[in-house]
Amino acid sequence: MFTFMPEQASEWAPYVDWLNDYITNISVFCILGITAVMLYFAIRYRRRGPDDVTPYITHSASLETAWTVVPTVICFFVFYYGFESYHEMRNPPANAMEVNVTGVKWRWDFEYSNGKRTTNELVVPIGRAVKLIMRSQDTTHSFFIPAMRVKEDVLSTVYSYLWFTPTKLGEYHIFCAEYCGLQHSGMLGKLRVVSEGEFGDYLYDRQDPEAVELPPAELGKLKFAEKGCTACHSIDGSKGLGPSLKGVFGGDHVMSDGSVVKADENYIRESIVYSQKKIVKGFEGIVMPAFEGQLSEAEVNGLIAYLKTL
Amino acid sequence: MSAHAATADGKQLNYLNCEKGLWSWIMSIDHKRIGLMYLASILSFFVVGGVFALLVRAELFSHGKTLYGPDDYNVFFTLHGVIMIFLFIVPGIPATLGNFLLPLMIGAKDVIFPRLNRFTYWLYLFGAAIAFCAIFMRLDTGWTFYAPYSIQNRWAVVTATAAAFFLGFASILTGLNFLVTIHNMRAPGMTWGRLPLFVWTLYASAILQIVATPVIGITLLLLLLENTMGIGIFNPAAGGDPVLFEHLFWFYSHPVVYIMILPAMGVVSEIIPVFSKKPIFGYKALVYASVGIAAVSFLVWGHHMFVAGMSNLSRYIFSFLTFFVAVPTAVKVFNWVSTMYKGSISWDTPMLYAMAFVFLFLIAGTTGVHLATLGTDAHYHDTYFVVAHFHYTIQGGAVIGLFAGLHFWFPKMFGRMYNEKVAKFAWLFLFIGFNGTFIPQFILGMEGMPRRYYDYPIEFEPLHRISSIFAFINAAGYAMVLGNLFYAVFKGKKCEENPFHSLSLEWTTASPPIHDNFVQIPRVTTWTYGYGAEHAAEGEAVH
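Just so you know, the protein sequences line up as chains A and D, in that order.
Each residue of the first sequence is one higher than the last, beginning at 1 in my numbering.
Each residue of the second sequence is one higher than the last, beginning at 311 in my numbering.
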């Protein structure tokens, strides 16, 4: 009832819509019920004349307690359902297919794990969890796919992410939902959900092999050697001048100030670009050069992808 | 009743005719005159902001370009927001009705700092003048001034934030003035437990004005420093953090919604008992709900940022806290409706507005639950659903509350009555126009239409068309309301001193009131809401 949600094309779209219906139904019931009572009073007790006699009623402890407690209980339930669904939305499965997204005024750039790059068109296979790792090159944007019921702001300072599992073949809108200037409403992308087979053809672009560039992890490996990282960082676990990078991604690491940091995309990026911000415990006083301005966006992403393979 | 002073030719002297000439208005420190000057100012800005809204709706009538390009569109929707928020609805009810009525309702001669009150008004106008400069500088950041986008259109943003800074100070000083007045100027016998609910809501919003507004002042100052001196605070290119701006901005801008809405709730709490001839139901609960909403409003700003890159834990906590706003709001609605039970309900215009308020605010409140819930907010965030929810809260709540109050206290202010038939007709126009404008926007939001879009995919066109058509009906309703009231200020029929038979203190003096409000400071012996059989006699003896 009263639902105008778009097509349900992701695994949790039905759940979001169920929750939305749940809230809407309670709301409509309350709005109509209370309004009906108000109108009934307004008509039933309509003023007949200036001498109408009215009772002196000031409060009712039981009634007031009831209508404080009942909405509170309903609110707890609604919060819980909202939290439960959202918790899942914020925790992608480990085997999700990762795609890098870059928001640029006013377009969306996508980069797949094999190096294929596209603009304003995201193609994903049906039934597989997809995790988008997103960053902006200029102002704040917001990545929104109504059919998947997902949205997350895309910032220029940190990576943000979202994930979904498409369940229905088709083409869907991608909108920018955070105002970003002149062509904000023109920052439209297209999401195409295709079969596994078609996705393979698309990804490896069997028609046009030239379009495929170096996969990020390989680009990262190349840069890792080129920038001299190997001089201090081993990739086999042996100790060098700097910490070994074997298995570094995803682990918890103790810093020189005693804090524990989880090595996610944001931490790795910071450690490359602003290398002195956080120092791993035991490596104080060793100065790694900061690579601010020396690596392209794709190269930083490539290095992160490479570290994930170690 | 009070004896009235009279001029030589037998005319009664009141605050309107006791001094004459433009200068006597400019220099006035009378809270009633200042209230009227505020009223004239904010309603003028309301018309300007409304024209921008119509320009926006006209462009959205058709898919693709209808009238003008995206550059103009971004300027127009920004100016609609900036003017409506900072110049119209933030001063809103407190600066107009609050200024006029607060001393009258607590039995005082004026607010405690009348000269500060005059300074505040002129500071407000000064801020408004600066804001108008920004109009000609093509401000296009949205009324939220989000960094880093707002760093690009530098001088327009500097101008607009400077304006908001001065306007903020006017708001802080008004709040301070009211707070001290309520504490110190109550007539003998006007205890806290007898205070009219409108005064209670002014009290709650005064606290918000004093505590929250300095934060936006600081934030805008930081933005100013960033824009003029290149210090990296919010701009990532200079090492700043744009999400910090959002935190600081909403730390003020969420409570400010309650600065707008609480006094409107107060107005409705005054109207319903008078027009139902019944004591307000659950006075204490309504007081606690007002103060409770004010307190909780400081803890929920994060719900504006559920998808803005906060940590997951923050999202869970802010969602949880947001639900605590829903409960006191629901309690208020139940109390208003219960007040009508077995009453003698008049269908005069103020009551029609009050009932419209209850209905519209129910929609505003329940759609707020959709947005407080994380799972559904991920879909609704930054869509037309938010736009519609916000307009139900502010237009359906605060603006309808303002007009409810204007129709109720109009005879008090001018001793004249507006045309009741025109007023009812205009109310109907407004009600239909408003719902017709924003119900389609709820549906658009559900379908996934993002806000602040110059253009949209073709499938959204029918609903945009409906919304645009009704927006013009809505505007026609406002034109009728304002025309009717403006005409009545000069030509309205003279009416009795207390045409609605209210027992509240402000109606015990002449209408329009004399310069000093009361011939003698009244002595209060009972609460304001003594309507109903057994206590009617006691209620009459308020003064």
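Simulated from the structure, these hints should not be mistaken for laboratory data.
Don't take every hint at face value.
With a cut-off of at most 30 Å between alpha-carbon atoms, the simulated DSS-like pairs for lysine-lysine come out as follows [said to hold, decoys possible]: (1) Lys804/D with Lys330/D; (2) Lys375/D with Lys105/A; (3) Lys190/A with Lys375/D; (4) Lys419/D with Lys330/D; (5) Lys190/A with Lys227/A.
Query - 30 Å Cα cutoff - pair Lys190/A, Lys227/A - result: Since the Cα atoms of Lys190/A and Lys227/A sit roughly 37 Å apart, the hinted pair is violated (cutoff 30 Å).
Query raised in the report: Hey, Lys804/D versus Lys330/D, does the alpha-carbon distance stay inside 30 Å?
Result: holds, 21 Å
Query - Pair hint outcome, Lys190/A versus Lys375/D [Cα-Cα no greater than 30 Å] - result: holds, 22 Å
Query - 30 Å Cα cutoff - pair Lys419/D, Lys330/D - result: holds, 20 Å
Query raised in the report: Would the pair Lys375/D and Lys105/A pass a check requiring their Cα atoms to be no farther apart than 30 Å?
Result: holds, 20 Å
The structure fails to meet hint 5 from the earlier list, while all remaining hints are met.
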